[in-house]
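K.L.:
Work the whole structure out from these sequences, hints included.
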Amino acid sequence: MTSITLVRQVAARPAVLFEALTTSEGVAAWWSPFDLPVTATEVDARIGGIFRVRFPSPDGEENEAVGEYLELAPPSRLAMSWRWVDGGVAGDLGHTSRIEIELRPVEGGSELTVTHSDLRDEASGATHEQGWSAALAKLARLMDTTAYHA
Amino acid sequence: MLNYQDRDLDRVFAALTDPTRREILARLEREESLSIKALAAPFPIKLPAVMKHLDVLGAAGLITRCKQGRTVDVRLSPARLQEAAEWLRRYERFWTPALDRLAAHAEAKEAEARQSEAADGQKTETADG
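Residue numbers (my numbering), protein chains in the order written: chain B, 1 to 150; chain C, 1 to 129.
Treat each hint with caution, since some may be false.
[Stated by the list, open to error] Simulated crosslink set (SDA-like; lysine to any residue; CA at most 20 Å straight-line):
| no. | chain 1 | residue 1 | chain 2 | residue 2 |
| --- | --- | --- | --- | --- |
| 1 | C | K109 | B | D92 |
| 2 | C | K109 | C | R93 |
| 3 | C | K46 | C | I36 |
| 4 | C | K109 | B | A28 |
| 5 | C | K109 | B | R8 |
| 6 | C | K109 | C | R90 |
| 7 | C | K52 | C | D8 |
| 8 | C | K46 | C | R65 |
| 9 | C | K109 | B | S117 |
| 10 | C | K52 | C | T64 |
| 11 | C | K109 | B | P37 |
| 12 | C | K37 | C | R70 |
| 13 | C | K109 | B | P74 |
| 14 | C | K109 | B | V106 |
| 15 | C | K67 | C | I36 |
| 16 | C | K109 | B | S3 |
| 17 | C | K109 | B | S24 |
| 18 | C | K109 | B | Q9 |
| 19 | C | K109 | B | P75 |
| 20 | C | K109 | B | A15 |
| 21 | C | K109 | B | I47 |
| 22 | C | K109 | B | H95 |
| 23 | C | K67 | C | V56 |
| 24 | C | K109 | B | D35 |
| 25 | C | K52 | C | K67 |
Everything labelled a hint here was simulated from the structure, so no lab data went into it.
Fair warning: this is a prediction, and the values are worked out from it, not measured in the lab.
P.N.:
This is the structure we're talking about:
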């Protein structure tokens, strides 16, 4: 299982970001990687409450994820489960992962940290083999130099 | 949404689980092109074993073999590695643009909030956010 963490500075106070993360209006305004409208949301921001977001890809495919709020500490922290039920990121349909978001006030706004963990780390969920993490490290190193030869 | 050929990737990742094969790839990355003999030289295994590893790497699309007269030159084939790396970065490709949108949305909301606070005049300015 792998995870990714992204950190960024946003020129908005934590409370504004927290609202964008935990209200239907907020989620509908941004929760997609594409410049297309989010088509459905369900946001019941309390522990055990349901989260749902549906958005189209540019190729017309629909993507939908559902989750459950696990931790809510406005305006600084939330944790939720995440599961693709339609489309989504390749190889992860039906697999439950975990998203943790932390908001820290900094000068001029907030520092936003998103950690998405318990991600499946093999293309089709094949048996986990020894040497996997070393293979990844090597691959990443190879990629840094070979990408430019392509 | 972010699709890859899973079976091809399985072959790539399976090929990468072996340390000898990773070393072969690392050497090809440094040397660009090597004959099979030169490639096999530093390994404490016999040439047929090296050939088997090259078959696995070839089937995964990670190397190409090209016959040059009496020798076979082996090269790294970066396209499949790139695809594999993209696969590993697939959540980054989801989150990075999504967080761009979140930031743009929140910053617009923040600007609205500041405007209404300024217009209100009752509230103190929250320049420190």
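K.L.:
None of the hints should be skipped; say for each whether it holds.
P.N.:
Quick rundown of the hints versus the structure:
no.: 1; hint: K109/C / D92/B; verdict: 33 Å, violated
no.: 2; hint: K109/C / R93/C; verdict: 25 Å, violated
no.: 3; hint: K46/C / I36/C; verdict: 12 Å, holds
no.: 4; hint: K109/C / A28/B; verdict: 14 Å, holds
no.: 5; hint: K109/C / R8/B; verdict: 17 Å, holds
no.: 6; hint: K109/C / R90/C; verdict: 29 Å, violated
no.: 7; hint: K52/C / D8/C; verdict: 19 Å, holds
no.: 8; hint: K46/C / R65/C; verdict: 19 Å, holds
no.: 9; hint: K109/C / S117/B; verdict: 29 Å, violated
no.: 10; hint: K52/C / T64/C; verdict: 14 Å, holds
no.: 11; hint: K109/C / P37/B; verdict: 18 Å, holds
no.: 12; hint: K37/C / R70/C; verdict: 11 Å, holds
no.: 13; hint: K109/C / P74/B; verdict: 17 Å, holds
no.: 14; hint: K109/C / V106/B; verdict: 17 Å, holds
no.: 15; hint: K67/C / I36/C; verdict: 10 Å, holds
no.: 16; hint: K109/C / S3/B; verdict: 30 Å, violated
no.: 17; hint: K109/C / S24/B; verdict: 15 Å, holds
no.: 18; hint: K109/C / Q9/B; verdict: 15 Å, holds
no.: 19; hint: K109/C / P75/B; verdict: 15 Å, holds
no.: 20; hint: K109/C / A15/B; verdict: 11 Å, holds
no.: 21; hint: K109/C / I47/B; verdict: 26 Å, violated
no.: 22; hint: K109/C / H95/B; verdict: 34 Å, violated
no.: 23; hint: K67/C / V56/C; verdict: 18 Å, holds
no.: 24; hint: K109/C / D35/B; verdict: 18 Å, holds
no.: 25; hint: K52/C / K67/C; verdict: 17 Å, holds
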